[in-house]
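Asker: We have chain A already, so just place chain B on it with the hints.
These are the residues of each chain, in order.
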Amino acid sequence: MRRSKGVPEVNAGSMADIAFLLLIFFLVATTMDVDTGLARMLPPWQPDLEQKDVDIKQRNIFLVLINSQDRLLVEGEWGDIRQLRKQAKEFIANAADKETLPEKENVEVPYFGNYPVSKQIISLQNDRSTSYDMYMKVQNELVAAYNELREELAQQKFGTSFDKLPEDQKKAIQTIYPQRISEAEPKNVGGNK
Amino acid sequence: MAKFSRKGKGGMPGISTASLPDIIFMLLFFFMVTTVMREVELKINVKTPEATEIKKLEKKSLVSYIYIGKPKNKSLGDEPRIQLNDQLARISDIANYIIAEREARNEAEVPFLTTSLKVDKETKMGIVTDLKLELRKVNALKINYSTKKRFNEL
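Going line by line, the protein sequences match chains A and B.
Take the first sequence: its letters are residues 7 to 199, numbered as in my numbering.
Take the second sequence: its letters are residues 4 to 157, numbered as in my numbering.
Isolated chain A, as found in the complex (with noise of 0.2 Å):
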């Protein structure tokens, strides 16, 4: 007897239904779904400070309450959450170079030379009872406050969107607009938890 024609071909046809099985299971199992949020850094734990009111001058000061019914205390007045935004970017900016509004440094920034970098904060206070939504619409807001106003500074020096900038002139105008929200610790006022 003869072994002849060496080993019979396996049949590659049912390889496509094999693959179609695989592909239609990673095709339930994929979740394309991007994590995006607000990056936001805390302050570092300093017990021994935490009790210390550290000396910031009132004009220099922005103050964000918001109390146990979501509602806000902006500089001290009813706030409203649309109107935010445009407080807040009146308030870091101070182009009128305003009494009340914060002070001006002359900073030696790259690209602008001698600026007028004012010495904002930003403070957002919240009460126990706060619902984290609206916490979250008003952190959204700040953040938008800078964003935008870094985003007119972009256009107007660089002619782009901050976004496309290089990394040394994106640096430049954080420089002149840093982030500065400080997240106190809430006021436990609005009773229960």
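Because the hints were derived from the structure by calculation, they are not lab data.
Be a bit skeptical, because a hint or two may be false.
No farther apart than 25 Å at their CA atoms in a straight line, the calculated lysine to aspartate or glutamate pairs in the DMTMM-like style are these [to be verified]: (1) B/Lys46 - A/Asp41; (2) B/Lys62 - A/Glu158; (3) A/Lys170 - A/Asp41; (4) B/Lys152 - A/Asp174.
Answerer: Below, chain B without anything else, positioned relative to chain A:
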């Protein structure tokens, strides 16, 4: 009628399906590479709030997740709970969780670790504040409030 049958007789040459497996394999590889398997099974309901100024969370391997929301299991009550990995946890477990996450990573990567907070929008800030305080104590300062993209105006 006759017209049709005549045409049918000539017949179109069949399209070769020999390359079909190759095409399928190509698709298969694409999905295999892009697939991220879901790591945790959520025991709580999390519906993140919406925002406009969002950034993409880069380098998924350097992110540890903390979930807060109301338990799906009604017998566990209505209070928002924290979930770490696959189980519900208490606020005091956060420190250990962060330390464990750090140990699982390369030492050089530790400063770049980000904590992603996936918090349900119905949650009250009290528990979130406690969480932030706890994170500050273990020096995990880089956080990301997970939010979805909002398209409409406020």
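Asker: Could you run down the list of hints and mark each one as holding or not?
Answerer: Structure-based check of each hint:
1. B/Lys46 - A/Asp41: Judged against 25 Å, a Cα distance of about 19 Å means the pair holds.
2. B/Lys62 - A/Glu158: Violated, because 30 Å separates the two Cα atoms, which is more than 25 Å.
3. A/Lys170 - A/Asp41: Cα-Cα ~22 Å, so holds.
4. B/Lys152 - A/Asp174: Violated: lysine 152 of chain B and aspartate 174 of chain A sit about 28 Å apart, past 25 Å.
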